Amino acid sequence: MQNKKLKWKSDFEKSVIIENFVNRGWIKSQEKEEEQTDWNVYWATVWNVRNIFNPKNGFRLNDQQIINHFPNHYELTRKDCMVKNLKRFKREQDKEVLEIFNFDFLPTTYIFPGEYSLFVEEFHRNPNQTWIVKPAARSQGKGIFLLRKIQQLKKISGTTVTSNMTQLNLASKENYVVSRYIDNPLLIGGKKFDLRMYVLVTNYKPLKVWIYNKGFGRFCNEQYTTDVAEIENMFVHLTNVAIQQYSDKYSQKHGGKYSIDALKLYVESAYGTDALNKMMDDIHNIMLTSLKSVQAVIQNDKHCFEMYGYDILLDSNLKPWLIEINASPSLTTTTPVDKNLKMNLINDVYNIVLPNDDFPDNDQKQQQPTKVGGFTLLYDENLDPNNRKTQKRQSVKIWK
Amino acid sequence: MQQLDNQEILMKLKSSKQFWDIKKKIKQGFNDQQKIGVNDIQKFAQSCEIEDQLIKLISHILKKSKKRETLKEDQIEFLNTSKIKWTELLFKNLDIVHQKTKNQEEDDTNTDSKLYIYDEKNLLAFLQTFKQQQHSALYQNVQFQSNKLLNINIPLKSSQQILDKYQYLLLQEELQDEKINKIRKQIENEHLDIELEKIAQTFVPNGERCLLYLKYFEFDHQETILQQNFTKLQKECLNQLFYDELLEIDGHEISEDTFYFVFQEQILTCLKCFIRDKTIKENIRIQLQNGIKKEQTEFQLPITGFFPFKNISKYVAPLCYLSTKIHIIYALFKEFFCRYFCFLHAISSENNSILSLCMQIEEIISTHSPKLFHHLKVIGCDTLKLIIHQLVYCFVGDMDPPHILTIYDQIIGHDSLEILVILCVGFLNKYKSKLLLAKNYENVQQIFQELREDKFQELVQFAYKQ
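For the record, the sequence lines run as chains A and B. With the numbering used here applied, the first sequence corresponds to residues 1 to 400, in that order. With the numbering used here applied, the second sequence corresponds to residues 1 to 466, in that order.
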């Protein structure tokens, strides 16, 4: 190992980011605000990344610089853009002869205000359906609510909403996404949970994707119920830790986080090995299809990599649904197990993007092993761009 | 013991699929021969192992027909009187606990972890008192070894026998997919408990474990009955018992465990049903408590015939991984407890009893790792005190669920708890070097407070390391 002393910069005061830099003996960049040259690796906020890549700033990254977001990552990570891109990609794929991608993982979704009238039609067709309303670009469960009556949309329009309205004026400028609420989630011990899984993309064109072997389920603290009286009880329905931490039943010891290894043991033992394998295959499909759907629109840049937090909900048939993709998954650690996971996660990210503390050339990138720490190569378009199905089958074996 | 006559055995054979398979094989072996003598059939059966299969089938039928009897009297009279003393002690503890809960009634938070009838430390302390009993009959022909914590003259298997029995585990390698698929098919087709035990000793794929356990316990075609029984018990839970409170408190620890917190409500429901289950008294392999209710005590023993103890939740927890159906989890837990875990709380000279297991561990450590044994004694931290928690609770909370389930496989595989002896020895050997540097009990506690990951195969390896 060369143990080169790279310079690091971080917008986050998170121990898992900083300790990983320090443990490698890398040096903290001492640059001033206006300079952008004195760092080699930068764990940045999405806003700073936008500024760096803003052509008006006339700044270009050099060969010895790497940053943790792609310039227009929001195509994947804003809820409304993700839906738009997936729908567009599906339309393109429908024209193809070969059915390679499966899109049946996105619940029916409408983007407000533009698709409001379409939503109203669908709403009336399914009077017993619950919907979930989310601001397109917020996080931590903020502004989310469950919808059973059109009148509830007053929350986001600021004025009375009736069912015969064909247009919706929103109080704020932000978009909303309204999705069919999956009211039959897989329950363990009677409680709802969703999965957080980590995916690293080191390149979009060609696409190179790594999946992390550790993730966790985030559990609600209350028993799940579809009882209408509990529809506003966020402790029943929303799995965000930012919400659950305020429950009386929240435990500091485990933070409601259930390891993915434990979940896999449960699914395999209680449902069978085939059921587990299909579930994992379907999850990999979600990851690959969603990334493929933005491949054409994302500004690929050799200075960029991105570690996404995928939020996936399993239903009672073990079918995974894509909830959203996070560009800046939380690196706050709530328990010792959580800290261990995230420390290793970031460490493995650096081992991939800066192997031996250096910037790999194209040859070195191609010769990388398919397993680095907890990351396994899920897809490399370079290897066999025309045979994605073979890739998927291989990756299942690697995963196990 | 009810013995079947030949006619009854034949009837039962005829109701088994294997019997007809065997008959078919014999017919095929003789083709269309007209005259076939008994000797011819016997020779043929011996030549192609059919005789073996038939013997196994008949012994399986005979074993099934034996009504399970609960061991009540021990061959050693001293242990019988000790059991009564133990029960009396527990009744006293129950009164104290009840008083404490009444005092805490104003306080909303009833999370005092001392609200239990007994824990593993109490149990070990009680077993230790036997040493003070200088009953002459007990110490006949026994070299008095004052350095050991437990020192009773009970028939004990040789520790070498136990070590030899489990040595095959050292040779186990990771199996290829092909072999795993073969085992899967075996589990699906097999019915004989001897064959299921063999599989359990070797390797049980996660996806087939529940099926193997259900088959072994003969529950595989009984789901409706299991469900009905459980539903009945659930209804009975509407009548609150004092023990329910203790079970709720016991559940707090499991609710903090990263692997089991999701099952907290299910575990509590199972335990509440358990203490109301009338069938346990006749199914349990060994009687745990033996005492007459005294007039002063407010409570009777639960209908199971024994008191719930601290960490009883730990016995249920790993089984929650095996099924989405609570009545299945309950049935498995009940069977595991009645067949195996009960012995971990039994004042008895039986091989599987906590007393025997402890003595085996002391024997192996004192002879194979005398330095460690002596050092622990000197710093006031006896070997048994160190591992009693892991032993009594089968390493639940110390090992991750996949490893616990492997322990359960081995328990079924050998119809014995001896695997715990091997694992406890391995555990002590693993931490030997750190323990030898410890100067006192606090140092020892620090060693085990650090984040550690103990694994089944790893501890087995350490058990046999010199």
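Careful: at least some of the hints might be erroneous.
Straight-line C-alpha distance at most 25 Å; calculated SDA-like pairs for lysine to any residue [to be verified]:
1. A:84 to A:136
2. A:253 to B:401
3. A:319 to A:226
4. B:27 to B:44
5. B:455 to A:344
6. A:264 to B:268
For the record, the hints were derived by calculation from the structure and aren't laboratory data. As the structure is a computational prediction, the values presented were derived from the model and not from experiment.
**OP:** Please flag the earlier hints that this structure goes against, numbers listed from lowest up.
**Re:** Failing hints: none at all.
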